[in-house]
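Colleague: So the sequence lines, in the order shown, correspond to chains L and W.
Each residue of the first sequence is one higher than the one before, starting from 1 at the first, in our numbering.
Each residue of the second sequence is one higher than the one before, starting from 1 at the first, in our numbering.
It is possible that part of the hints are untrue.
DMTMM-like mimics (lysine to aspartate or glutamate), calculated; alpha carbons at most 25 Å apart, straight line [what the hints assert, rightly or not]:
id : chain 1 : residue 1 : chain 2 : residue 2
1  : W       : Lys57     : L       : Glu1
2  : L       : Lys3      : W       : Asp85
3  : L       : Lys68     : L       : Glu5
4  : W       : Lys52     : W       : Glu82
5  : W       : Lys57     : W       : Asp85
6  : W       : Lys22     : L       : Glu5
7  : L       : Lys56     : W       : Glu96
These aren't lab readings, by the way, just hints derived from the structure by calculation.
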Amino acid sequence: ELKVEQNPLFLSMQEGKNYTIYCNYSTTSDRLYWYRQDPGKSLESLFVLLSNGAVKQEGRLMASLDTKARLSTLHITAAVHDLSATYFCAGTRYTGNQFYFGTGTSLTVIP
Amino acid sequence: AAGVIQSPRHLIKEKRETATLKCYPIPRHDTVYWYQQGPGQDPQFLISFYEKMQSDKGSIPDRFSAQQFSDYHSELNMSSLELGDSALYFCASSGENSPLHFGNGTRLTVT
Numbered sequence: 001e002l003k004v005e006q007n008p009l010f011l012s013m014q015e016g017k018n019y020t021i022y023c024n025y026s027t028t029s030d031r032l033y034w035y036r037q038d039p040g041k042s043l044e045s046l047f048v049l050l051s052n053g054a055v056k057q058e059g060r061l062m063a064s065l066d067t068k069a070r071l072s073t074l075h076i077t078a079a080v081h082d083l084s085a086t087y088f089c090a091g092t093r094y095t096g097n098q099f100y101f102g103t104g105t106s107l108t109v110i111p
Numbered sequence: 001a002a003g004v005i006q007s008p009r010h011l012i013k014e015k016r017e018t019a020t021l022k023c024y025p026i027p028r029h030d031t032v033y034w035y036q037q038g039p040g041q042d043p044q045f046l047i048s049f050y051e052k053m054q055s056d057k058g059s060i061p062d063r064f065s066a067q068q069f070s071d072y073h074s075e076l077n078m079s080s081l082e083l084g085d086s087a088l089y090f091c092a093s094s095g096e097n098s099p100l101h102f103g104n105g106t107r108l109t110v111t
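This is chain W alone, in the form it adopts within the complex:
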C-alpha cells in the first residue's frame, strides 16, 4: 500500500539559510500534518491542512510557512534557519476515521 512520502530524507543547512521539505500524502487522505521532533522529544504539531486549506496551527515559528497544493502534496518552507531548528520533521496524513500515517521524516541539521 502507498505510504506518506517525504523528501529529502536528510538535509544539512547553515544558519540563516532556507529549507523546503516536501510531503506526498497517501492518496485520498484529506488531511496533512507537519510535526517537528527534537531528540528525545515527542512530536510537536506545527500545522495541518484539510482539503488544501490550513485547518490548525500549532507551535510553528513565524519563520516557517507551509502550503498544500492542488495535487495534495504539501511543502514546509523554513527560512532564517537557526541551530535549534535541527530536528526530525514528519509529515503525516489521515482520512476519515483513520489514524495518522507518518512518513519516514526529514532529518534537518543546521550548522
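Same shape as in the complex, but just chain L:
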C-alpha cells in the first residue's frame, strides 16, 4: 500500500502571502496528482506529475515532484480568497489501479 501524508493539515494565510503544502509518500509512486475540493463538492483535478523534476503551474499554483525524496509540493503565490479549499495529493502504484489520497490540507485565505 502507498501511504501519502500531507502537511500542514490546516493552513490559514493572509491574502498576498506565499506558502507551500507538502506531500510525502511512502514508496515508489508512478505518478502524483493534486486535487482541489470545495466544501460538499467534487474533487477537481489540478495537476498530474509524471516524472522526477516535473513542475507544473496554473495561475497562482505551482506543483513539483521529487521522486528521489518521495516529495511533491504545491506552492501558492500571492494567495487570494478564491483559493480557499481543501487540497489533496494522491499517488498511484505501478501495479493496480488504486489512487491513494493524502489527508488533505484545508486552506483558508483571509482577506
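Guided by the hints, dock chain W onto chain L, whose structure is given.
Modeller: Just chain W now, with coordinates in the frame of chain L:
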C-alpha cells in the same frame, strides 16, 4: 466535455434499508472507482473496475457490493445501512495516463 455522472445527488435512507448508487463514467474511460468520503475526511477507496472486471478492492464493507455493466455504467449496492454509512460517495473514472475524474457525488444520509 462529458463528465462522470452520478445519481442520485442526495439520498436519505433509514437504518437497515438498502441503497443503490449509479455512476456513468466518461466515455472511453476504462476504469471506474468508488470512494467514500466522511465529513472532514479524505476519500477512502472502496472498489474499482477495469473493463467491467473488478480490479482492486479497498475498505468496502461486506454489506456493500458493486458491479460494472456492459454499457460501462457502475452501481454500488449498499445493504443493511448503518448510521456510519452516511457520507459522500464519489464515483470516478480514468483512462490511460489520465487523472481521476470525479463525479459530483451522492450524499447519503442514514437516519
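Colleague: Each hint needs a verdict: does it hold in this structure or not?
Modeller: These are the hints, each one checked on the structure:
no.	hint	result
1	Lys57(W) / Glu1(L)	12 Å, holds
2	Lys3(L) / Asp85(W)	24 Å, holds
3	Lys68(L) / Glu5(L)	16 Å, holds
4	Lys52(W) / Glu82(W)	28 Å, violated
5	Lys57(W) / Asp85(W)	18 Å, holds
6	Lys22(W) / Glu5(L)	31 Å, violated
7	Lys56(L) / Glu96(W)	20 Å, holds
When each numbered hint is compared with the structure, violations occur for hints 4 and 6.
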